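Undergrad: Listed in order, the protein sequences are those of chains A and B. Quick note on the working numbering: the first sequence kicks off at 199 and runs consecutively. Quick note on the working numbering: the second sequence kicks off at 4 and runs consecutively.
One or more of the hints may lead you astray.
[What the hints assert, rightly or not] Listed next, the in silico DSS-like pairs over lysine-lysine satisfying Cα-Cα at most 27 Å (straight line): (1) A/Lys777 to B/Lys15; (2) B/Lys105 to A/Lys524; (3) B/Lys510 to A/Lys564; (4) B/Lys220 to A/Lys638; (5) B/Lys227 to A/Lys431; (6) B/Lys105 to A/Lys431; (7) B/Lys431 to A/Lys561; (8) B/Lys520 to A/Lys310; (9) A/Lys529 to B/Lys220; (10) A/Lys222 to B/Lys242; (11) A/Lys703 to B/Lys242; (12) A/Lys427 to B/Lys431; (13) A/Lys638 to A/Lys529; (14) A/Lys777 to B/Lys569; (15) A/Lys544 to B/Lys211; (16) B/Lys242 to A/Lys431; (17) A/Lys310 to A/Lys544; (18) A/Lys219 to B/Lys367; (19) B/Lys5 to B/Lys18; (20) B/Lys211 to A/Lys612; (21) B/Lys105 to A/Lys439; (22) B/Lys227 to A/Lys529; (23) A/Lys226 to B/Lys228; (24) A/Lys756 to A/Lys772; (25) A/Lys449 to B/Lys15; (26) B/Lys268 to B/Lys162; (27) A/Lys524 to B/Lys228; (28) B/Lys5 to A/Lys638; (29) A/Lys298 to B/Lys242; (30) B/Lys482 to A/Lys431; (31) B/Lys220 to A/Lys703; (32) A/Lys756 to B/Lys482; (33) A/Lys601 to B/Lys211; (34) A/Lys427 to B/Lys90.
[Claimed, not checked] Partial selection, computed: residues in chain A whose CB lies under 7 Å from chain B: (35) Leu366; (36) Leu370; (37) Leu414; (38) Phe631; (39) Leu769; (40) Ile789.
By construction, these hints were calculated from the structure, which means they are not laboratory data. All values reported here derive from a predicted model rather than from experimental measurement. By construction, the Cβ of each residue, glycine as well, lies at the ideal position given by its N, Cα and C atoms.
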Amino acid sequence: MDKITILNSQEQRQVFFRLLKYVKPHIKQIIIAFVLLSLVTIGEVSGPILIKIFIDDFVAPNNIVAGPIITLASLYLFILFTSAVVMYIQSLKFQEIALKIIQQLRIDVFSKVQTLGLRYFDKTPVGTIVSRVTNDTEAIKELFVSVLAIFIQSIFLFIGIFVAMFILDIKLAALCLLFLPILIWIIHMYRKLSSTSFSALRELIGQLNAKLNESLQGMSIIQVFRQEKRMRKEFNELNTKHYEAGIHNIKINGLLLRPAVDLVHIIAILIVLSFFGITSMESTIEIGVLYAFVNYISRFFEPVNQVMQQLTFFQQAVISAARVFKLLDEKELAPQQENRPVQISKGKIEFRNVTFSYDGNQKVLKNITFTANPGDTVALVGHTGSGKSSIINLLMRFYEFEKGEILIDGVSIKQYNMNELRQKMGLVLQDAFLFYGTIKDNIRLHNEELTDEDIIEAAEFVQANQFIEKLPDGYNQQVTERGSTFSSGQRQLLAFARTMVTNPKILILDEATANIDTETEEMIQQALAKMRKGRTTIAIAHRLSTIQDADLILVLHKGEIVERGNHQQLLAQKGLYYKMYLLQNGHSENIADVVQQEI
Amino acid sequence: MKVFRDLSWFFKQEKKAYLTGIFMLFLVAILQLVPPRVIGIVADEIEASSITWGKLSVWISVLILAGMLMYILRYYWRIHIFGASVKLARILRTRLYEHFTKMSPHFYQRKRIGDLMAHATNDIQAIQQTAGSGVLTLVDSLLTGGFVIVAMAITISWKLTLIALLPMPIIALLTNWYGTTLHARFKKAQEAFSFLNDKTQESISGIKVIKTFGQEKEDIEDFKKLSNEVVQKNIAVAKIDSLYDPTISACVGISFILSIGFGAKYVLEGSMSIGDLIAFNTYLGLLIWPMLAFGWFFNIVERGRASYDRVYRLLNEKIDIVDREQTIDESPSGDIEISITNFQYPNHEKSILQDIHFTLKQGKTLGIVGKTGAGKTSLLKLLLREFEGYNGEIRIGGRDIKDYRLDALRKAFGYVPQDHFLFSATIKENIAFAKPNATDEEIYLAAKTADVHDDIQGFVDGYETIVGERGVSLSGGQKQRISIARAILLNPEILILDDSLSAVDAKTEESILTALKENRQGKTTIITAHRLSAIQHADLIIVLDDGKITQIGVHESLMQENGWYKEIYHQQQLEALVEHGG
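All chains, full assembly: derive it from the sequences and hints.
TA: Here it is as structure tokens:
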């Protein structure tokens, strides 16, 4: 679904240029970095020139004058140390810029994710999204930190060296340009060959790991069906292929990387020597120039090696960037609001002929109509998949619906500002999702307006304070392992506190299905009763005992309301609700009776 | 270095590759000395104006020859040494995989798959690096470094060599110190990164909570803070990382000026030629790499050692289910007699099965029911000999199952597990998993018996549809039925369905059960289930509770008893009614 493995060169370019746009805000810093880099380059190339002057003006003619030599040596040392310092600052600057760029990209992706609708999260595994935000951006970081930085440094050095060579000897410098085409050809060949062999290797690593992972997961099946030998054979075939691809890669690297570049290095030296040799037969030359050229050439080849080794990472980074951009362009947004200046004052909820489908085919809600008057409790009951949660999902604006209307205080919920809805409607989810942080953090979430007193008050209101105060660090206790050290009842109480601290007008409850110990159960019931007082409440109930006092109970089946009324009315109907009630509270004799009657 | 001793079996095995590779490295190290020397000689000839076409072409030829030879040698040592290291990775991977296939479920209960994967990937990679780059950096830094220093000292001047080398130990010391600091800071940066990763994971898993409380903006702020932390920690890394180049450049620069300064003095004194001076400086340039390589070497070896220890420990894990000395090769057949007084999982206190005694006649169907955790699956696991260590005996055809060769024993079984696991392959390959050479007809027949043939035909690619993690997603019921077909295809002596009808509706369940009845005439079938309708027809039904048999009989007799069976049977019927909307 989200897998991009191969891009054509045009797509690669597009992605690359889109990435470069992120550089723009840092343009000032980058100019500074470039100026520093130019200084470093000048420093680096001036060294050999100074030594050349020393050799040609003093050593060769046997002309030792203390003053100028000391000046020269000091100048050399000065340039050496200055350029080392500048080099440090420059390199740090480049990395800083790269890190900031990636940070921005990361924030952009994360912000984008926050605007997406739940539909997107339904169809995309959590791991995939996390990968986009962190791992893929990390791969792009490599592009900026290593690849581009090394690339730019090399280009600067390259230009600097050639400028210096041209200053020293125009003819020879021009001659040295001759080995450039060879080098470019090698880089081109390497890029061409390595991109296929490297991606083949990566693909095989992926397959090998997938096979291993799958085998480990399905090991008992493999063993019970006695397929160990066959699986071993299959794994070995893949392993051998991977080995061969590895060897192939080594060969390509061997043919075109360091060994080849070193060979070109020798050819370059050869050109320089021949030139000097031949010229010196006709005229005198300065031996220092020879020294400087040989020195420059050695300096030049190291960056070439480095650039070539980075090339494969470049491709990887571009593929990661393509994936990140795809997420940034995602169109599955959260439902949009009209943002009229309307406010929820009473808390009356109306559903009018609401029909809804997650996938556009199968209707999970059909013509749902009901009204919850201010302060009333409406309970939703029904089997798994009957549509209870969908009603809440629509009311919370998690999903957009097309048919029908949902009104709060007579105004369509689409007209409200999202903030207004979130502030006035409090949803208690089945299982309190606990975040990393303290208990206090988990009740407050990021709402800085809430004081510690507010939090304690809310906890006391739902009686969560009783277990919180028993914790070694009380409200400052760190939540570990997503709160799995707490019982499900305790987590539920925390979820209550989290909602109650915001003091919502409308309360929406999704009761926990998990078994809750009787001790906490009682506290939960007391808390629920207190919470519902004075608030319009829509509650999904799994245990029918908890909603016996509801003003209206809606029994859902396959997306439709099949029965409605209060507890007594529904029991009297002896329909679906009655059977559900029996199932939870009935004695076995009653059950047997009902079953025998029906069949 | 311990890791090199640990790996000696491999070095011995690949003696030829390593010796050839090292010999080639040796030649390269010597040949590397040629170009600087040639430069020096030619420079002297030029200086003395004694150069001729003849001399020039000789030296040029020497250079070309040395260059070509080095190219070839460099190419081949890579193939020998790096090639061997890739081979080591392959061998270790194969060994690990083979070992994994021999480990019993007990092993997989103790280990996390993520960790096992990490050993098979990261650790093996680190070991491969040790056997490749590790050997290279050691040999190369010693050879190249040694030869260059010797060449400088002997052919040019030992005094100048000593002087020029003065700053070199500083490089080694500083880079070593940078390495340690960098490692510590890098670890912090990694921590910050994984913290950010956790945060992202948490935000996405808890997206509903965030949306409920309208905290998107605040959450983004939180993310910004953490991502800023990542930037700060990485800048701390960069602060050290950026020290490398300037340090090396400065030290090398000092080395150069020392050699030029003192070299010039020797030239003027007449004890050295200008060509020698230039050659000397070029040699100096060759020393940078061995210096760095030596630093890397320790790093690589350190990581390789830790990784090898981990992999080795894993390979030494004892295989806990092994064949006895004298085993029967034929596959078991006959009545199943189970007589277990007690069983608990290794390292667990709780008794899982207690006093289970019953006999299932050959060709009959057994139904096992009971609450989750009552011991149903555990009983099957003992029968399949996935676990041992129980008190009592399980006999098939009158012989203890431990008397059969494990492979022969398992040949008798067709097993449909609770968690229907399919492999990333076509549906056809999945059904024919245990019998890869099955004909299409056999596969279709098995699929029809499992009532999944029509579903499969409905897919665009039919039986060629790829399933599993990387293929199309099937419904739980479809997966379950495919895994039933996989077991049926074997036409096994004993078919085991471990709660394998939970995800199919009542109608499909009935059609599968009917088909099975016909298909499995005269063969033994064992079914565990939550839904009693799946075992209602069985010839023998046992009710397990907390590892003990609480009721035993057939459906009719159990319905007469006032027990769990009858109660649950009614309850499930009511549930069925509710599911259908009353």
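Undergrad: Each hint: holds or not?
TA: Right, here's what the structure says about each hint:
no.: 1; hint: A/Lys777 to B/Lys15; verdict: violated, 76 Å
no.: 2; hint: B/Lys105 to A/Lys524; verdict: violated, 43 Å
no.: 3; hint: B/Lys510 to A/Lys564; verdict: holds, 26 Å
no.: 4; hint: B/Lys220 to A/Lys638; verdict: holds, 20 Å
no.: 5; hint: B/Lys227 to A/Lys431; verdict: violated, 49 Å
no.: 6; hint: B/Lys105 to A/Lys431; verdict: holds, 14 Å
no.: 7; hint: B/Lys431 to A/Lys561; verdict: violated, 33 Å
no.: 8; hint: B/Lys520 to A/Lys310; verdict: violated, 56 Å
no.: 9; hint: A/Lys529 to B/Lys220; verdict: holds, 20 Å
no.: 10; hint: A/Lys222 to B/Lys242; verdict: holds, 24 Å
no.: 11; hint: A/Lys703 to B/Lys242; verdict: violated, 53 Å
no.: 12; hint: A/Lys427 to B/Lys431; verdict: holds, 20 Å
no.: 13; hint: A/Lys638 to A/Lys529; verdict: violated, 36 Å
no.: 14; hint: A/Lys777 to B/Lys569; verdict: holds, 18 Å
no.: 15; hint: A/Lys544 to B/Lys211; verdict: holds, 25 Å
no.: 16; hint: B/Lys242 to A/Lys431; verdict: violated, 49 Å
no.: 17; hint: A/Lys310 to A/Lys544; verdict: violated, 34 Å
no.: 18; hint: A/Lys219 to B/Lys367; verdict: violated, 73 Å
no.: 19; hint: B/Lys5 to B/Lys18; verdict: holds, 19 Å
no.: 20; hint: B/Lys211 to A/Lys612; verdict: holds, 19 Å
no.: 21; hint: B/Lys105 to A/Lys439; verdict: holds, 24 Å
no.: 22; hint: B/Lys227 to A/Lys529; verdict: holds, 24 Å
no.: 23; hint: A/Lys226 to B/Lys228; verdict: holds, 24 Å
no.: 24; hint: A/Lys756 to A/Lys772; verdict: holds, 19 Å
no.: 25; hint: A/Lys449 to B/Lys15; verdict: holds, 24 Å
no.: 26; hint: B/Lys268 to B/Lys162; verdict: holds, 12 Å
no.: 27; hint: A/Lys524 to B/Lys228; verdict: holds, 25 Å
no.: 28; hint: B/Lys5 to A/Lys638; verdict: violated, 51 Å
no.: 29; hint: A/Lys298 to B/Lys242; verdict: holds, 15 Å
no.: 30; hint: B/Lys482 to A/Lys431; verdict: holds, 26 Å
no.: 31; hint: B/Lys220 to A/Lys703; verdict: holds, 22 Å
no.: 32; hint: A/Lys756 to B/Lys482; verdict: holds, 24 Å
no.: 33; hint: A/Lys601 to B/Lys211; verdict: holds, 23 Å
no.: 34; hint: A/Lys427 to B/Lys90; verdict: holds, 21 Å
no.: 35; hint: Leu366; verdict: violated, 15 Å
no.: 36; hint: Leu370; verdict: violated, 13 Å
no.: 37; hint: Leu414; verdict: holds, 5 Å
no.: 38; hint: Phe631; verdict: holds, 4 Å
no.: 39; hint: Leu769; verdict: violated, 14 Å
no.: 40; hint: Ile789; verdict: holds, 5 Å
Hints 1, 2, 5, 7, 8, 11, 13, 16, 17, 18, 28, 35, 36, 39 from the list above are not met by this structure, while the remaining hints are.
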